[in-house]
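Participant: Using the working numbering, you'd call the opening residue of the sequence shown number 1 and step up by one each time.
A portion of the hints provided could be inaccurate.
[What the hints assert, rightly or not] Straight-line alpha carbon distances no greater than 27 Å define the calculated BS3-like cross-link-like pairs of lysine-lysine that follow:
#, residue 1, residue 2
1, K46, K20
2, K30, K46
3, K20, K30
4, K46, K6
5, K30, K6
6, K6, K20
Simulated from the structure, these hints should not be mistaken for laboratory data.
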Amino acid sequence: MYDRGKAYYYGEGVEQNYDKAFSAFSHAVKSNNADAQTALGVMYIKGRGVERDD
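When you get a sec, could you build the whole thing from the sequences and use the hints?
Facilitator: Quick look at the structure:
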């Protein structure tokens, strides 16, 4: 699922979609994927796929 999230995040082979990227990364986190954990952190920091809390 991490690879799918990465594809949606960057728009690699699919239309860029932060909501789908967030969902895929969240699913990968449940499998203890450290890269997905980092990706979710970045999404939270940048407010992509989530509501940004300033």
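Participant: Are the hints correct? Go through all of them and say.
Facilitator: Tested hints:
Of the pairs offered as hints, the one joining K46 and K20 holds, with about 16 Å between alpha carbons and a cut-off of 27 Å not exceeded. A C-alpha spacing of about 22 Å is found between K30 and K46, which places the hinted pair at or below 27 Å, so the restraint holds. Restraint check for K20 and K30: satisfied, since their Cα atoms lie roughly 16 Å apart, inside the 27 Å limit. For the suggested pair K46 and K6, the alpha carbons sit about 15 Å apart, so the restraint of at most 27 Å is met.
For the given pair, K30 sits about 16 Å from K6 by alpha-carbon distance, which is consistent with the 27 Å threshold. As the CA atoms of K6 and K20 are separated by approximately 10 Å, the hinted pair is consistent with the 27 Å bound.
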